[in-house]
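Undergrad: One letter stands for each residue in the lines below.
Number of protein chains: 4
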Amino acid sequence: MKEIEEITAKLIAFRDERDWSQFHNPKDLAVALNIEAGELLEAYLWKTSEEAKPEKVKEELADVFAYAFLLAEKYGFDVKQIVLDKIQKNATKYPVDKAKGTATKYNEL
Amino acid sequence: MKEIEEITAKLIAFRDERDWSQFHNPKDLAVALNIEAGELLEAYLWKTSEEAKPEKVKEELADVFAYAFLLAEKYGFDVKQIVLDKIQKNATKYPVDKAKGTATKYNEL
Amino acid sequence: MKEIEEITAKLIAFRDERDWSQFHNPKDLAVALNIEAGELLEAYLWKTSEEAKPEKVKEELADVFAYAFLLAEKYGFDVKQIVLDKIQKNATKYPVDKAKGTATKYNEL
Amino acid sequence: MKEIEEITAKLIAFRDERDWSQFHNPKDLAVALNIEAGELLEAYLWKTSEEAKPEKVKEELADVFAYAFLLAEKYGFDVKQIVLDKIQKNATKYPVDKAKGTATKYNEL
Numbered sequence: 001m002k003e004i005e006e007i008t009a010k011l012i013a014f015r016d017e018r019d020w021s022q023f024h025n026p027k028d029l030a031v032a033l034n035i036e037a038g039e040l041l042e043a044y045l046w047k048t049s050e051e052a053k054p055e056k057v058k059e060e061l062a063d064v065f066a067y068a069f070l071l072a073e074k075y076g077f078d079v080k081q082i083v084l085d086k087i088q089k090n091a092t093k094y095p096v097d098k099a100k101g102t103a104t105k106y107n108e109l
Numbered sequence: 001m002k003e004i005e006e007i008t009a010k011l012i013a014f015r016d017e018r019d020w021s022q023f024h025n026p027k028d029l030a031v032a033l034n035i036e037a038g039e040l041l042e043a044y045l046w047k048t049s050e051e052a053k054p055e056k057v058k059e060e061l062a063d064v065f066a067y068a069f070l071l072a073e074k075y076g077f078d079v080k081q082i083v084l085d086k087i088q089k090n091a092t093k094y095p096v097d098k099a100k101g102t103a104t105k106y107n108e109l
Numbered sequence: 001m002k003e004i005e006e007i008t009a010k011l012i013a014f015r016d017e018r019d020w021s022q023f024h025n026p027k028d029l030a031v032a033l034n035i036e037a038g039e040l041l042e043a044y045l046w047k048t049s050e051e052a053k054p055e056k057v058k059e060e061l062a063d064v065f066a067y068a069f070l071l072a073e074k075y076g077f078d079v080k081q082i083v084l085d086k087i088q089k090n091a092t093k094y095p096v097d098k099a100k101g102t103a104t105k106y107n108e109l
Numbered sequence: 001m002k003e004i005e006e007i008t009a010k011l012i013a014f015r016d017e018r019d020w021s022q023f024h025n026p027k028d029l030a031v032a033l034n035i036e037a038g039e040l041l042e043a044y045l046w047k048t049s050e051e052a053k054p055e056k057v058k059e060e061l062a063d064v065f066a067y068a069f070l071l072a073e074k075y076g077f078d079v080k081q082i083v084l085d086k087i088q089k090n091a092t093k094y095p096v097d098k099a100k101g102t103a104t105k106y107n108e109l
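Chains as they are written, first to last, in the numbering used here: chain A, 1 to 109; chain B, 1 to 109; chain C, 1 to 109; chain D, 1 to 109.
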């Protein structure tokens with residue numbers, strides 16, 4: 001079994017043991033992901049990157065991944081494929097010769 | 001090479017071709033992840049889950065994953081491990097006999 | 001008419017001319033507020049505070065306020081009162097002698 | 001003193017008593033606002049609008065407002081003015097005859 005399939009299977013087993021599938025509609029999963037992204041961000045509040053505690057980052061990032069994998073599963077997305085497709089797409093939006101060394105957004109390049 | 005390692009390697013190659021490593025400190029990666037989580041949420045705004053366009057969800061979820069993988073890489077986290085550890089931890093916070101069929105938060109169970 | 005009442009009345013007139021009340025349930029207003037908060041954050045992505053463009057901040061902050069006022073109105077909250085109440089509450093969580101000059105969260109003080 | 005000026009003055013007094021001005025740069029205020037927006041959203045997670053607890057909404061919305069007012073103050077924005085300006089701008093993006101009764105985003109109208 002592939003890595004992401006395996007993680008997702010574990011997340012689903014956890015969910016189903018608790019009969020939580022009824023709550024996990026895509027909209028609420030996206031809401032949950034946003035809440036966890038906010039908690040991740042809290043690790044950095046009033047701080048530099050270096051001052052953030054890795055243990056807190058780890059915990060919150062794990063939650064972000066959990067909801068992201070569950071949402072991907074709802075739609076039957078292959079995570080590897082959608083990320084590689086997006087990289088491809090971004091390569092067009094951010095051609096190396098224009099984007100190199102600048103953080104400017106594509107619509108202002 | 002494992003799946004997540006492979007995705008991460010592709011993301012880093014994309015980043016390094018553009019010399020973007022200088023911008024990608026952990027705090028800004030967490031900020032970027034939040035922005036993308038917000039764009040993902042926009043797929044569901046004023047809509048039911050069913051009305052959201054899967055194509056939009058796919059695009060934005062891919063961006064969320066991209067920044068989540070890049071952030072994990074910054075800390076040397078093994079994504080599979082941190083998610084499985086969190087499942088373990090949540091199993092204690094949400095024991096099946098108490099949590100089954102209810103969406104109540106652990107501190108109110 | 002008080003200032004916030006006046007702003008809120010204008011927001012509601014704008015909404016009602018477009019017959020958007022049907023979409024503006026509290027949950028979706030909170031979702032909209034999060035999306036706008038993300039767009040506000042984008043003004044600072046890969047940047048220092050000084051590098052962010054005030055014009056972009058202004059636009060996005062206005063959107064955050066718009067949804068915040070609309071949500072407050074849904075519940076009949078008096079914005080001034082709820083903020084002053086929260087300041088009062090935070091004064092207890094963050095007593096001056098403990099909190100002075102430190103960004104530590106109240107539960108770690 | 002106008003209402004918003006008064007709220008802002010109270011927030012600044014609270015901040016200055018604790019010597020927190022040093023942490024309150026615009027970027028971190030925008031980060032804080034996002035975290036609070038996420039906590040507000042949590043009031044609605046796995047729930048309908050009706051199931052959300054107004055008391056939780058009130059608390060979190062107050063925090064959103066607090067950071068929004070503090071950020072506006074940093075830039076010297078007149079909150080009433082920027083919201084009214086945005087309404088004006090949105091009136092052009094969403095003309096009544098096109099936008100009435102539809103939640104479609106302006107770029108798809």
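To be clear, the hints were calculated from the coordinates, so they are not data collected in a lab. Honestly, I wouldn't trust all of these hints.
A pair holds if it fits inside one copy or across any two, identical chains being indistinguishable in the list.
DSBU-like mimics (lysine-lysine), calculated; alpha carbons at most 35 angstroms apart, straight line [as the list claims (entries may be wrong)]:
#1 Lys86 <-> Lys10
#2 Lys105 <-> Lys10
#3 Lys53 <-> Lys89
#4 Lys98 <-> Lys10
#5 Lys93 <-> Lys105
#6 Lys74 <-> Lys89
#7 Lys47 <-> Lys2
#8 Lys10 <-> Lys100
#9 Lys86 <-> Lys53
#10 Lys58 <-> Lys74
#11 Lys2 <-> Lys89
Undergrad: Is it within a copy, between copies, both, or neither that the alpha carbon of Lys105 lies no farther than 35 angstroms from that of Lys10?
TA: Between copies only: 21 angstroms across, 37 angstroms inside.
Undergrad: Is it within a copy, between copies, both, or neither that the alpha carbon of Lys2 lies no farther than 35 angstroms from that of Lys89?
TA: both (25 angstroms within a copy, 23 angstroms between copies)
Undergrad: Treating 35 angstroms as the Cα threshold, decide for Lys47 and Lys2: within, between, both or neither.
TA: between (37 angstroms within a copy, 34 angstroms between copies)
Undergrad: Given a CA cutoff of 35 angstroms, do Lys74 and Lys89 count as a within-copy pair, a between-copy pair, both, or neither?
TA: Classified as both: same-chain Cα gap 23 angstroms, cross-chain 24 angstroms, threshold 35 angstroms.
Undergrad: Using 35 angstroms as the alpha carbon limit, work out where Lys86 and Lys53 are close: within a copy, between copies, both or neither.
TA: Classified as both; 30 angstroms inside a copy, 17 angstroms across copies.
Undergrad: Regarding Lys98 and Lys10, is the shortest C-alpha distance of 35 angstroms or less found within a copy, between copies, in both, or in neither?
TA: between (43 angstroms within a copy, 20 angstroms between copies)
Undergrad: What label fits Lys10 with Lys100 when the C-alpha limit is 35 angstroms: within, between, both, or neither?
TA: between (40 angstroms within a copy, 17 angstroms between copies)
Undergrad: Pop the pair Lys53 and Lys89 into one bin, within, between, both or neither, using alpha-carbon distances up to 35 angstroms.
TA: both (34 angstroms within a copy, 18 angstroms between copies)
Undergrad: Using 35 angstroms as the alpha-carbon threshold, which applies to Lys58 and Lys74: within, between, both, or neither?
TA: both (24 angstroms within a copy, 11 angstroms between copies)
Undergrad: How would you classify Lys86 and Lys10 at a CA-CA limit of 35 angstroms: within, between, both, or neither?
TA: Classified as both: same-chain Cα gap 26 angstroms, cross-chain 11 angstroms, threshold 35 angstroms.
Undergrad: Classify it for me, Lys93 with Lys105: is the Cα-Cα distance of at most 35 angstroms met within a copy, between copies, both or neither?
TA: Intra 9 angstroms, inter 22 angstroms, cutoff 35 angstroms: intra and inter.
Violated hints are absent here; each numbered hint is respected by the structure.
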